[in-house]
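Letter by letter, the chains look like this.
Number of protein chains: 2
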Amino acid sequence: MADTPHRVIIIGGGFAGIRAAQNLHYVPVEITLIDKRNFHLFQPLLYQVATGGLSPANIAAPLRAVVRKQRNCKVVLGEVTGFDLPNKQVLMGEERLPFDSLIVAAGAGNFYFGHPEWEKHAPGLKSIEEATEIRARVLSAFEAAEHTPDPTHRDRLMTMVVVGGGPTGVEMVGSISELARHTLRNNFRTIDPAVTRIILIEGHDRVLPPFPEKLSAKALIVLRRMGVEVRTSSHVKDIQADHVMVERAGQIERIDTSTVIWAAGVRASPLGKLIADATGTTIDRGGRVVVGKDLSIPNHPHLFVVGDMAAATYPDGKPLPGVAPVAMQAGKYVANVIRHRVAGKPFTDPFHYWDKGNMATIGRNAAVVDIYFFRFSGWFAWMTWLFVHLMYLVAFQNRLLVLLQWFWNYVTRNRAARLITGEKGRFESLKMPVKPG
Amino acid sequence: MADTPHRVIIIGGGFAGIRAAQNLHYVPVEITLIDKRNFHLFQPLLYQVATGGLSPANIAAPLRAVVRKQRNCKVVLGEVTGFDLPNKQVLMGEERLPFDSLIVAAGAGNFYFGHPEWEKHAPGLKSIEEATEIRARVLSAFEAAEHTPDPTHRDRLMTMVVVGGGPTGVEMVGSISELARHTLRNNFRTIDPAVTRIILIEGHDRVLPPFPEKLSAKALIVLRRMGVEVRTSSHVKDIQADHVMVERAGQIERIDTSTVIWAAGVRASPLGKLIADATGTTIDRGGRVVVGKDLSIPNHPHLFVVGDMAAATYPDGKPLPGVAPVAMQAGKYVANVIRHRVAGKPFTDPFHYWDKGNMATIGRNAAVVDIYFFRFSGWFAWMTWLFVHLMYLVAFQNRLLVLLQWFWNYVTRNRAARLITGEKGRFESLKMPVKPG
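For the protein sequence lines, the chains are A and B, in the order given.
Numbering-wise, my numbering comes out as the position in the first sequence, counting from 1, plus 631.
Numbering-wise, my numbering comes out as the position in the second sequence, counting from 1, plus 631.
Hints in this document: simulated from the structure, not taken from any laboratory.
Just to be clear, a hint being listed does not mean it is correct.
Which copy is meant is left open, so a pair is good if it fits within one copy or across any two.
Stated by the list, open to error - Within a straight-line C-alpha distance of at most 30 Å, the following computed BS3-like cross-link-like pairs (lysine-lysine) qualify: (1) LYS963 with LYS751; (2) LYS976 with LYS868; (3) LYS1062 with LYS700; (4) LYS976 with LYS904; (5) LYS904 with LYS1062; (6) LYS1062 with LYS719; (7) LYS751 with LYS667; (8) LYS904 with LYS757; (9) LYS949 with LYS1062; (10) LYS751 with LYS987; (11) LYS757 with LYS1062; (12) LYS949 with LYS751; (13) LYS976 with LYS924; (14) LYS751 with LYS719; (15) LYS868 with LYS719; (16) LYS868 with LYS987; (17) LYS705 with LYS868; (18) LYS924 with LYS845; (19) LYS751 with LYS700; (20) LYS868 with LYS963.
For clarity, every value in this text was computed on a predicted model and none was experimentally measured.
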């Protein structure tokens, strides 16, 4: 105990990484938390940023602030480029950081099903930059629609397509509907944003596939009431600057649109592949690393992979979903494993995900919740969704300000953060129809 | 009255433009408000965004939301490229917008005294993008200082230079000092941000040159107490990626720094030059258009230039300062001129700026205020500054949320919006010293 303390490196300051670090607070270890960004991001609320309801800082907390009082944890800003596992080192360019235990929790990015060229036309909801880019695109489309004299082009601008009918996609269309049909009321003089076509495309035969069928049906009813066109069993075949091709039961439909948002596929960080190559373990189709029952890599008891990067399973072998509760519990579990090891105590309990259920919001007053035996929807579900999401915001200030901002948005139907920022040129490029060819 | 209404075009949704539009609400005119951006920006608080105290949306209000209920006003997003004054038209690329009265209020940008090459090393405080860029630079410098093993490079990273000792520069150094000496406490493990060198460079012989000498002296005392090195009668001779050259009384000093912020020179929008060329009027050294006593261009009674673009004067010929109160009063005044003309009533009162005084904040509890016969500093001045700035935020929601955010920041000394966003690579480029050559 008197010599050098056990060194823990955590890669990624998301839900899993933060939880692991926090649960090692009073353990005699030396933690290095590495992240590419200087903040923890509450990804489940990125869609609020993308539609002007919240500001980026409302859903982000500086990592250094999060672990400020945890003297055994230092934060390193930077990108991990590889591993030297025989020497127990993490590589960051020419730097080498030694570890005794390594927790890899670098999360997942968007995956375009083998069509990386779709990305530029259909940003996803994974980073603050993507969210503000989507915000700029949605708002610029309305601006260009107000401006154009061409009715065909106007219809195209006023058609928004969201690909993916999981919780993120459903929240996104609900939010766009609220923006178009309420927030922007009286904002324009030529167009009426309320007539905006909002289309949700889902490959399964129902929205919110991880939910019980009854709740999917409820969600569908609410979405239709909000004026969202839902296309289930539909697959995107192509995405271009001015249209999307969708296939359903062998039929191809062309949807003219200038705004496409990707909420369909995700793929684990490329670090997963590096680990698989170095350890001989396998990765699944989503790039996730197959881990053992204690979330470590077989034959590498000191190397853990958690969160969206891990292909962990329920006891029956069913894969665990890539959601925040799994990541948080996994982070906590691994911290516990390390705590026992450092103390020289045996610990053989496998990781057990305590599934508290699922929830998704659809819009004002509407959500679906599936917790234990409780499955409900409507206003009370919405309040539950709100409460739970507030509670998991890491910084207390954010909880307070988000609550107030939401209360304000709820009462006024306003979304004050609808700023077009960042790169210039989006609006200019939307003003005229794309020339064919 | 029955035929086409009088058409007013307002270029620029800043303080002057917004006030002009609002004061024409109940006048039978048709207003077109043109802006490059979709929001009104409260520029006096940009330094708060640059230091992580506020989010961009806190100090911006979507233009369409501002004039939402004003049915005689439409908003056009776009950039004015020229004027066809004989035909009374504003040009936006190939588009032509006809007007009966034109109010040009396009504001001012940074001016680097003939050294545009300094801009990339020393962003100014004029746009949200610049403010978030400064935020990223300041925070990345601390990150790189925590990381580097080279003590010389560390010192360079922990030296921040603000050029310009007017209200913006003073507010900026005060805010950086607060960030370094309080907010970031316990955030780092290798460096102590409290020892950051903060240097303010001012060409005049005192800070806050527009204020009475006594208040400048007070401000200097406060700045010194906050650990800011103030260099008066000093002129910047060169700005590079890793140093600044400053001249004082013939002596040249080299300051090693990787973070320089420009708060010195501004120059009116290039539209001023276009107007001068088209009308034969003159522009001053700051690119501002010389206007008549009613803020119109001589021989062009329907063409008004207001705000930071106008070289308007006090009755004694002294130039009016480029501050928000001048712009707001000018916007209101021109609306009044137009209202009289439309009603066919005579109106010959010249523009008279009602100078309510000046105020600047230096940091927590410290500000200087110069109102009428009242000149005071300290906590009460700070509260006055706070109250006045809150009152002039256009959107009510912003007033409420900024008040709360400030209250929170005040109590906790926290600045939650300290996110490094936008372009990647700043931190990477700061990690190693710049190679000479």
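Quick rundown of the hints versus the structure:
no.	hint	in the structure
1	LYS963 with LYS751	neither (37 Å within a copy, 44 Å between copies)
2	LYS976 with LYS868	neither (54 Å within a copy, 65 Å between copies)
3	LYS1062 with LYS700	between (51 Å within a copy, 26 Å between copies)
4	LYS976 with LYS904	neither (32 Å within a copy, 78 Å between copies)
5	LYS904 with LYS1062	between (42 Å within a copy, 28 Å between copies)
6	LYS1062 with LYS719	between (55 Å within a copy, 24 Å between copies)
7	LYS751 with LYS667	both (22 Å within a copy, 24 Å between copies)
8	LYS904 with LYS757	within (20 Å within a copy, 44 Å between copies)
9	LYS949 with LYS1062	neither (49 Å within a copy, 44 Å between copies)
10	LYS751 with LYS987	neither (36 Å within a copy, 51 Å between copies)
11	LYS757 with LYS1062	both (28 Å within a copy, 26 Å between copies)
12	LYS949 with LYS751	neither (34 Å within a copy, 53 Å between copies)
13	LYS976 with LYS924	within (18 Å within a copy, 86 Å between copies)
14	LYS751 with LYS719	neither (38 Å within a copy, 41 Å between copies)
15	LYS868 with LYS719	neither (44 Å within a copy, 50 Å between copies)
16	LYS868 with LYS987	neither (36 Å within a copy, 63 Å between copies)
17	LYS705 with LYS868	neither (46 Å within a copy, 40 Å between copies)
18	LYS924 with LYS845	neither (33 Å within a copy, 72 Å between copies)
19	LYS751 with LYS700	neither (41 Å within a copy, 36 Å between copies)
20	LYS868 with LYS963	neither (41 Å within a copy, 55 Å between copies)
In this structure, the earlier hints numbered 1, 2, 4, 9, 10, 12, 14, 15, 16, 17, 18, 19 and 20 are contradicted, and the remaining ones agree with it.
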